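K.L.:
Residues per chain are reported as follows:
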Amino acid sequence: MMRYAHSIVLLVAWLLAGGGAHAAGLAVIVHASSSVEAMTREEVSHLFLGRIKTLPSGESAVVLDCLPQRDAFYRSLVGRGLPEINAYWARLRFAGRTQPPEQLQDGRAVLERVASEPGAIGYVDPVLIDRRVRAVLKLDY
Amino acid sequence: MITEDRQADAGPIRKVSSSVVRRTTLLILFFAGLVGIMVAMGSTVLVAREERQRLQQNLVELMQTVERTASIAAFARDEQLASEVAQGLLRNRAVARVVIREGGRTLVEHGHDAEQRPNRVLPVLTRPLMSPFSPKEQVGELEVWPAIAKIEQDAGAYSRFIAIILALQLVSVVASVAWVVLNVVTRPVKKLSDELHHLRIGSGELIPLPAGHGHDEIGRLTGDINALIARMEGMLGAERELRAEREESERKFRLIFESAETGIFTLDSSGQLHDWNPWMARRLGLAPDGRSGPRSLRDILGDQASRLDALMVRVLADQRPAGADFALTRRGTGTLWLQLVLNPLPGNLMQGIVNDVTEQKQAEAHAIAMAERDALTGLLNRRGIEHRLGDALRALDGQSLALMLLDLDGFKQVNDTLGHEAGDRVLATVARQLESVVRRTDLVARPGGDEFVVVLQSLETVDTARFIAAKIVSTLSRPIDLGDGQRAQIGASIGIAYTESRQDSGDALMRRADEAMYEAKRAGKSQYRFAS
Numbered sequence: 001m002m003r004y005a006h007s008i009v010l011l012v013a014w015l016l017a018g019g020g021a022h023a024a025g026l027a028v029i030v031h032a033s034s035s036v037e038a039m040t041r042e043e044v045s046h047l048f049l050g051r052i053k054t055l056p057s058g059e060s061a062v063v064l065d066c067l068p069q070r071d072a073f074y075r076s077l078v079g080r081g082l083p084e085i086n087a088y089w090a091r092l093r094f095a096g097r098t099q100p101p102e103q104l105q106d107g108r109a110v111l112e113r114v115a116s117e118p119g120a121i122g123y124v125d126p127v128l129i130d131r132r133v134r135a136v137l138k139l140d141y
Numbered sequence: 001m002i003t004e005d006r007q008a009d010a011g012p013i014r015k016v017s018s019s020v021v022r023r024t025t026l027l028i029l030f031f032a033g034l035v036g037i038m039v040a041m042g043s044t045v046l047v048a049r050e051e052r053q054r055l056q057q058n059l060v061e062l063m064q065t066v067e068r069t070a071s072i073a074a075f076a077r078d079e080q081l082a083s084e085v086a087q088g089l090l091r092n093r094a095v096a097r098v099v100i101r102e103g104g105r106t107l108v109e110h111g112h113d114a115e116q117r118p119n120r121v122l123p124v125l126t127r128p129l130m131s132p133f134s135p136k137e138q139v140g141e142l143e144v145w146p147a148i149a150k151i152e153q154d155a156g157a158y159s160r161f162i163a164i165i166l167a168l169q170l171v172s173v174v175a176s177v178a179w180v181v182l183n184v185v186t187r188p189v190k191k192l193s194d195e196l197h198h199l200r201i202g203s204g205e206l207i208p209l210p211a212g213h214g215h216d217e218i219g220r221l222t223g224d225i226n227a228l229i230a231r232m233e234g235m236l237g238a239e240r241e242l243r244a245e246r247e248e249s250e251r252k253f254r255l256i257f258e259s260a261e262t263g264i265f266t267l268d269s270s271g272q273l274h275d276w277n278p279w280m281a282r283r284l285g286l287a288p289d290g291r292s293g294p295r296s297l298r299d300i301l302g303d304q305a306s307r308l309d310a311l312m313v314r315v316l317a318d319q320r321p322a323g324a325d326f327a328l329t330r331r332g333t334g335t336l337w338l339q340l341v342l343n344p345l346p347g348n349l350m351q352g353i354v355n356d357v358t359e360q361k362q363a364e365a366h367a368i369a370m371a372e373r374d375a376l377t378g379l380l381n382r383r384g385i386e387h388r389l390g391d392a393l394r395a396l397d398g399q400s401l402a403l404m405l406l407d408l409d410g411f412k413q414v415n416d417t418l419g420h421e422a423g424d425r426v427l428a429t430v431a432r433q434l435e436s437v438v439r440r441t442d443l444v445a446r447p448g449g450d451e452f453v454v455v456l457q458s459l460e461t462v463d464t465a466r467f468i469a470a471k472i473v474s475t476l477s478r479p480i481d482l483g484d485g486q487r488a489q490i491g492a493s494i495g496i497a498y499t500e501s502r503q504d505s506g507d508a509l510m511r512r513a514d515e516a517m518y519e520a521k522r523a524g525k526s527q528y529r530f531a532s
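Residue numbers (the UniProt record's numbering), protein chains in the order written: chain A, 1 to 141; chain B, 1 to 532.
No lab work stands behind these hints: they were computed from the structure.
One or more hints might be untrue.
Said to hold, decoys possible - In silico BS3-like pairs for lysine-lysine, Cα to Cα no more than 30 Å straight-line:
1. B:412 - B:525
2. B:136 - A:53
3. A:138 - B:136
4. B:471 - B:525
5. B:521 - B:471
6. B:521 - B:412
A quick note: this is a predicted structure, and the numbers were derived from the prediction, not measured.
Turn these sequences into a full structure, and let the hints steer you where they fit.
P.N.:
Given below as structure tokens:
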């Protein structure tokens with residue numbers, strides 16, 4: 001009951017702060033010149049978890065993590081929390097050849113990187129999206 | 001000598017009893033060994049199978065351990081990680097080969113080609129690899145080939161180890177069992193057997209109770225044996241007493257048998273003597289106590305054997321005792337009279353008693369003789385001559401007989417003048433003279449007073465009678481010397497009855513002779529007359 005009440009309080013606070021101006025979620029973005037128009041969740045998850053190393057267009061992919069939104073992204077994408085994702089990568093990094101995505105400090109850094117490097121792929125708050133990039137998958141949370 | 005006997009005696013026994021100990025031990029060893037080998041063989045197979053299953057289970061667990069990493073490697077299609085996993089798995093001796101597949105592609109294939117193909121017992125183990133992010137999505141496959149040779153080797157080594165442990169355990173158990181059987185059962189039994197073997201029954205010895213076996217079966221066996229020994233000794237004692245009694249009574253009977261003044265014997269139906277006592281041996285001149293074999297009583301009795309046969313037939317037929325007297329003529333000792341009484345025994349045998357009745361017979365004969373004799377002259381008296389005359393008449397057979405009745409003439413005068421003694425002497429002298437005149441077969445008697453009777457038997461002719469009568473008359477007419485210078489002159493008048501017929505009675509002959517005698521007296525005495 002208490003938790004429930006707390007959630008209601010938070011929701012009300014979020015609504016008053018004008019959070020309803022855009023939909024809550026993340027957008028997976030690629031360079032605007034890329035021929036990739038859209039990707040499935042599976043394609044995205046395989047790309048971010050190292051199973052696939054190229055974009056559907058055939059370009060070699062540069063995968064970028066955005067630290068503030070990492071937890072939300074992976075939870076939304078594969079339903080796993082950061083500890084599991086980190087453990088997964090720990091094994092691969094220790095014994096394997098597959099490298100985890102490059103980790104950037106915030107959404108803007110991700111945006112700038114995707115905008116400047118063809119083949120890069122990352123995820124940002126949809127509100128940051130501009131013409132230099134194209135959203136290929138939207139994730140709600 | 002005694003110790004030698006003992007040793008010679010104990011030799012084979014020790015062998016036999018030690019063989020009981022050895023046999024028990026060998027049997028225990030044999031069966032335990034047999035069971036041990038079977039158990040070891042069975043356990044080897046079972047243990048090997050168990051070990052194989054255990055190793056296989058180990059492989060499965062091993063695969064489970066690396067499954068997640070293998071899944072990640074498959075998901076990320078990372079050959080290096082996959083290779084790491086494969087090498088990790090191959091570090092286990094039981095793993096021969098590892099293959100990790102991703103989709104249709106072989107991600108990694110490590111290990112050598114199995115020297116032995118996987119078989120039904122040890123198949124290739126395969127595990128699907130699921131996506132680490134969606135457990136329902138298969139991303140690859142982990143395949144592990146068991147190292148069959150190594151597994152078999154390990155299982156074999158382990159089962160051999162188990163077999164050795166079992167064998168050691170078995171050996172120690174067998175040794176313990178053998179030791180226990182030897183010391184708890186076999187040795188006490190052997191000791192008991194030895195004690196019993198060397199026990200001298202009748203000495204009062206008993207078997208000592210084996211130490212520590214007071215309340216078990218061996219103790220009970222010892223007790224029972226001792227009870228049996230005691231009973232046997234009691235019986236032996238009783239038997240000894242009985243035997244002593246029997247010997248004593250036998251001795252008494254033997255004494256009676258041997259010292260009896262009676263012959264005691266056994267006889268079979270053919271007249272053979274089987275046993276006889278010393279008295280009998282002495283009297284009949286037999287070998288002492290019948291050792292020299294049967295003797296025929298029939299032979300001993302000689303011409304009286306047929307009477308013995310009759311007696312035996314009677315005894316055996318009537319099955320009743322019967323007896324008879326037998327006279328044996330023996331050189332030197334005269335006639336031996338034996339009174340034989342036979343008593344039937346079973347089996348056509350007879351028990352006999354024989355008594356020497358010679359004296360009774362003699363006394364009897366003497367008494368009979370005395371009764372028929374005249375005490376003064378020793379001639380037959382009236383009774384004697386009547387008896388003999390009857391016999392002689394009955395014995396007549398074609399011959400003739402003469403009865404002479406003789407009366408002394410002048411005897412009364414001798415008696416009166418010279419006295420009775422002289423008369424008696426005259427009578428005795430006359431008797432001797434008559435006996436000297438007649439033949440040996442003739443009878444001379446003095447019926448009484450001065451009367452004499454002479455019976456001439458077996459006469460061929462009357463002349464013989466006449467001749468003898470004349471001789472008597474002439475002999476008696478001579479004076480008789482009475483000693484002391486005295487002489488007696490007597491004579492004899494004789495009446496003679498002559499007959500050839502056995503129908504005549506003695507009395508009739510006497511009367512006829514009497515009449516003839518009186519006739520002779522009337523005719524002048526000292527002469528004879530024949531009865532008409």
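K.L.:
For every hint, state whether the structure bears it out.
P.N.:
Hints and how they fare:
1. Restraint check: the Cα-Cα separation between residue 412 (chain B) and residue 525 (chain B) comes to about 14 Å, which is no more than 30 Å; the hinted pair holds.
2. Distance check on the hinted pair: residue 136 (chain B) and residue 53 (chain A) sit about 23 Å apart at the alpha-carbon level, within 30 Å; holds.
3. Taking the CA atoms of residue 138 (chain A) and residue 136 (chain B), the gap is about 24 Å. The hint holds against a cut of 30 Å.
4. Only pairs whose Cα atoms come within 30 Å are accepted, and residue 471 (chain B) paired with residue 525 (chain B) is accepted, the gap being roughly 15 Å.
5. Using a Cα cut-off of 30 Å, the hinted pair residue 521 (chain B) and residue 471 (chain B) holds, with the two alpha carbons roughly 17 Å apart.
6. Only pairs whose Cα atoms come within 30 Å are accepted, and residue 521 (chain B) paired with residue 412 (chain B) is accepted, the gap being roughly 15 Å.
Figure legend: structure checked against the earlier numbered hints; every hint is met.
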